[in-house]
Amino acid sequence: MQGLYYVLVIISTVLFSLQFLFNQRFQQTYGTGMKATQVFSLYKSLVIILMMLLISGFKVQFSWFSLGMATIYAVSSIAMGYYSLKAFSVANLSVYSVFSMLGGMILPFFLGVLFYDEGDNLVFKIICCALIVVAVLLNIKSGKQNKKALFYYFAVFVLNGMAGVISKIHQSSTSLSPVDSTSFMLLTAAVSVVISAAWLLIAYREIPLIKGKNILFVTGYGVFNGLGNLFLLIALSGENGLPASVQYPLVTGGVMVCSTVISTIRKEKLTVREYIATAIALLASIFIAL
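For the sequence shown, the positions run 0 to 289 when numbering that gives the first Met the number 0 is used.
Take these hints with a grain of salt, some might be off.
[Stated by the list, open to error] Simulated crosslink set (SDA-like; lysine to any residue; CA at most 20 Å straight-line):
hint : residue 1 : residue 2
1    : 268       : 17
2    : 85        : 30
3    : 58        : 176
4    : 34        : 24
5    : 210       : 26
6    : 58        : 46
7    : 147       : 157
8    : 266       : 23
9    : 210       : 196
10   : 210       : 49
11   : 34        : 83
12   : 210       : 23
13   : 210       : 30
14   : 85        : 150
15   : 34        : 22
16   : 34        : 3
17   : 266       : 46
18   : 34        : 194
19   : 58        : 182
20   : 34        : 79
21   : 210       : 36
22   : 266       : 19
23   : 85        : 210
24   : 147       : 83
25   : 212       : 17
[Stated by the list, open to error] Just the calculated beta-carbon pair ranges, DEER-fashion:
hint : residue 1 : residue 2 : range
26   : 197       : 63        : 17 to 25 Å
27   : 5         : 87        : 31 to 39 Å
28   : 153       : 200       : 40 to 48 Å
29   : 204       : 147       : 26 to 34 Å
30   : 60        : 238       : 13 to 21 Å
31   : 3         : 149       : 36 to 44 Å
32   : 78        : 27        : 23 to 31 Å
33   : 202       : 270       : 34 to 42 Å
34   : 120       : 268       : 34 to 42 Å
These are computed hints drawn from the structure, not numbers from a lab.
Computed from a predicted structure; not experimentally measured.
Glycine residues also receive a C-beta, built at the ideal position from the N, C-alpha and C atoms.
Construct all of the structure, not just a fragment, from the sequences and the given hints.
This is the structure in structure tokens:
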């Protein structure tokens, strides 16, 4: 069964590596400000809701525990978008990416080790994580820094890590009647819709309608992001689910490798250091999956 979970995680890394293409195109046509961010969040969440309804056959489970966890997840995700915009205005973007990726790996890793008895092969896991950290750090490019950047880096580190932390807690809390994975994804998306819609109405007194190619971009992102996160939730669930201390380092390393492959296919200019970083991430990801 774990073999299937590894396949789902690998598929997720590919989907996460490709989803930025849709986000990038949306930003090029619609903008990158806070209004555009909330519009994007609103519509991609609607896509995820529809997709989860179709996958579940319109059978939705509910529990107050899951709604609470979904709310924390959604708030963290929207806050991540807000602080990302702030970081983009003052921070070194390569350093921002490093903190984002490391938060998404390190926080779930330590949660699993410290609170969910995932200490098996701990030294080996730490070595693999350290290699991935080195690989990520190799991608830092020089640039001007800003005193505010440190706060934004820390916020991004924590908020991006919260997705893995909340997912692990929800999927492991069997005594608290958690809903199934598709229902949790739907609840999270529904809370995101409410928050983004309220934000747009309060701040801008309207909910803009998107049209044309932007519908395609939002749909593509929603499908890729929704399926990627759903597969990660499934891989965490059950007694034989993957440990968070394995899954999230694997995701981080896998996204690095897939992103490099995509950049090569798109004929983007990559440095020798970036290829070395990718090779290190690939080896670490393979070892931690063994």
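Hints, verified against the model:
no.	hint	result
1	268 - 17	holds, 18 Å
2	85 - 30	holds, 15 Å
3	58 - 176	holds, 16 Å
4	34 - 24	holds, 16 Å
5	210 - 26	holds, 14 Å
6	58 - 46	holds, 17 Å
7	147 - 157	holds, 16 Å
8	266 - 23	holds, 17 Å
9	210 - 196	holds, 17 Å
10	210 - 49	holds, 18 Å
11	34 - 83	holds, 14 Å
12	210 - 23	holds, 16 Å
13	210 - 30	holds, 14 Å
14	85 - 150	holds, 10 Å
15	34 - 22	holds, 14 Å
16	34 - 3	violated, 40 Å
17	266 - 46	violated, 31 Å
18	34 - 194	holds, 13 Å
19	58 - 182	holds, 8 Å
20	34 - 79	holds, 15 Å
21	210 - 36	holds, 16 Å
22	266 - 19	holds, 17 Å
23	85 - 210	violated, 27 Å
24	147 - 83	holds, 13 Å
25	212 - 17	holds, 17 Å
26	197 - 63: 17 to 25 Å	holds, 21 Å
27	5 - 87: 31 to 39 Å	holds, 34 Å
28	153 - 200: 40 to 48 Å	violated, 31 Å
29	204 - 147: 26 to 34 Å	holds, 29 Å
30	60 - 238: 13 to 21 Å	holds, 20 Å
31	3 - 149: 36 to 44 Å	holds, 42 Å
32	78 - 27: 23 to 31 Å	holds, 24 Å
33	202 - 270: 34 to 42 Å	holds, 41 Å
34	120 - 268: 34 to 42 Å	holds, 38 Å
When held up to the earlier numbered hints, the structure conflicts with 16, 17, 23 and 28 and fits the remainder.
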